[in-house]
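The chain contents come next:
Number of protein chains: 2
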Amino acid sequence: MLNTPYLLFLGDAPDALSAKVAQGVKDWRPENCVGQFRQEGCQADMGLPDMTIQEAVDAGAKTLIVGVANRGGHISDSWNSVFEEALAAGMDIASGLHNLLTDNAKLVELAEQHNQSLFDVRIPQVEFPIATGKKRSGKRCLAVGTDCSVGKMYTAMAMEKTMLERGMNATFRATGQTGILITGGGIPLDAVIADFMAGAVEWLTPDNDADHWDLIEGQGSLFHASYSGVTMALVHGGAPDALVLCHEPTREHMRGLPDYQLPSLELLRDTALTLARFVNPDCQVVGISVNTAALNEDEAVALLKEIEDRMQLPCVDPFRHGADRLVDALS
Amino acid sequence: MLNTPYLLFLGDAPDALSAKVAQGVKDWRPENCVGQFRQEGCQADMGLPDMTIQEAVDAGAKTLIVGVANRGGHISDSWNSVFEEALAAGMDIASGLHNLLTDNAKLVELAEQHNQSLFDVRIPQVEFPIATGKKRSGKRCLAVGTDCSVGKMYTAMAMEKTMLERGMNATFRATGQTGILITGGGIPLDAVIADFMAGAVEWLTPDNDADHWDLIEGQGSLFHASYSGVTMALVHGGAPDALVLCHEPTREHMRGLPDYQLPSLELLRDTALTLARFVNPDCQVVGISVNTAALNEDEAVALLKEIEDRMQLPCVDPFRHGADRLVDALS
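Taken in sequence, the protein lines are chains A and B. One gets our numbering by counting positions in the first sequence from 1 and adding 17 to each. One gets our numbering by counting positions in the second sequence from 1 and adding 17 to each.
A hint or two may mislead.
Since copy identity is lost for identical chains, a pair holds within one copy or between any two.
Claimed, not checked - Straight-line distance between alpha carbons at most 20 Å, and here's what the computed DMTMM-like set of lysine to aspartate or glutamate pairs gives: (1) Lys37 x Glu57; (2) Lys152 x Asp258; (3) Lys322 x Glu283; (4) Lys151 x Glu269; (5) Lys152 x Glu57; (6) Lys151 x Asp276; (7) Lys152 x Asp276; (8) Lys322 x Glu265.
It is worth saying that the hints were derived from the structure and are not from the lab. Bear in mind the structure is a predicted one, so any value in this text is a computation, not a measurement.
Only chain A is shown next, with the shape it has when bound in the complex (with noise of 0.2 Å):
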């Protein structure tokens, strides 16, 4: 677990879209930023006070989170030299950049001087066990979609932000980097080990309060070639209750593999729940997500309205309309 509360690392981002993870930490977790740290020419701002590394660490700053994507694999001498000041100032820094932290020996030497740590949440932190498939206390949800990048992070995360609202007991399961930082816990599945997916699941959402619910971040797709193995883990090691079905209605290929088509969501419904079956014969499909970022209020109503017809199931965009109705479908 990252310590709280977070400086937003921005550096010199060329645009708002690099530095999505940032983005993604002040949407979902405002109450962990101080501030944010921006160097010459940085073209995002999150709308949080700018402050100095010694400012935040006086505000209370205990982990600088870097929320911007570097270019071309490669981390500048003025970044490294803001990491060399957080850590000498008595900050963590946590990182989902391909290029590691622990990879540069001068922030490894700096940290340990400093007994600050370096965390490069691509890098699993945990030796998982084998998954035992027995059953847990509580409940849980996976958001599984029709292909990768569709929405499954941000269903889990607004659906958790709804019934925490709503006083229920509910936590976001963070399965990427980018949910890692957000909610600075988590396993970085795709990175772990293959007999050991599924025990990392079942080790991320372990036995809990009859009434919580884990909001499991699905990833990939059980349609995606090249990734659906590690969503079959999801699938079977979060033994889930209940599914939310994701999809992105303008998606013309499945991402990367422009040979596959994208299933129906009722192929995906069939599949899904039969694999899940396997392992939890309880689970129902409860719902469906649907990014409408692509089209206009109208047009995004009568689609969803069209699902829901077709499906008999509740069909929201929950960036759009909120997740209200996806929460209601948990029984």
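Given the coordinates of chain A, assemble chain B onto it according to the supplied hints.
Coordinates of chain B only, in the frame set by chain A:
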């Protein structure tokens, strides 16, 4: 790829079962075995000439295969002194033990000094790519099981043997350490990083002659909560044209999972075929392989007939009656 031929190291094997890797090499690749190395008290015998290290080198042996399991996760001094002698005499060493050869500094140093290699076949030796899902030339057959350890490797090896005897163009593709040691190449799929599993299987079964068949060793089971993700990566990375269903009829529950019943062969057929067709729409289930070792001949014949009549597919025990009918079914 391991250098052939081999000297099979049986050490002080306490019984025949502990030398099952050596037995596999002897059964399936007798032409690769120049001899066996046994220590005092060894209770296993492959029926090969007993040789000293030097005799084996003189007979042309290139690799010492650790064909026996160690006890209690400890490699004894007497084993290590044989390994040291083998390296000094000019042999590579290959092992599938949990204790790695490459964790032994003295062996690493000796190997370097004598320009020999240490192969820990549990450790991937290649940086595998992300799967592309692209159609490859040639044909592929994958063994899928109702459970782990039901005879998937044996089935694929037996089919390869029959095909080669018939002059067909075929290659067994190992996906686990025993298969790698037997055939000298392959991937330890359960040790691959999640994101690269399907890519590793694509790498293992590349473009080939139009009439060539890869016989892919299966792993785990789509119904095994601990390992189903690994199996899924085989189904999608392997993109099989043909599936053979494998089953062990006396298993009372899923291996290691006392609360889980085995699926029916019908459910395995429907599930595996549905998933395989996401990547290869032409995939067919061509036959069924049943491990009848626990039954007498009459019981075995009756069971095979019952399943064949029920499933309307060739159903054989390849160990008992040969793999001919499975090979015939590869149209």
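Taking the hints in turn, this is what the structure says about them:
1. Lys37 x Glu57: within (19 Å within a copy, 65 Å between copies)
2. Lys152 x Asp258: within (11 Å within a copy, 36 Å between copies)
3. Lys322 x Glu283: within (16 Å within a copy, 37 Å between copies)
4. Lys151 x Glu269: between (39 Å within a copy, 17 Å between copies)
5. Lys152 x Glu57: Close neither inside one copy (53 Å) nor across copies (48 Å); limit 20 Å.
6. Lys151 x Asp276: Classified as between; 8 Å across copies, 39 Å inside a copy.
7. Lys152 x Asp276: between (39 Å within a copy, 9 Å between copies)
8. Lys322 x Glu265: within (15 Å within a copy, 48 Å between copies)
Checked against the numbered hints listed earlier, the structure breaks hint 5 alone; every other hint is satisfied.
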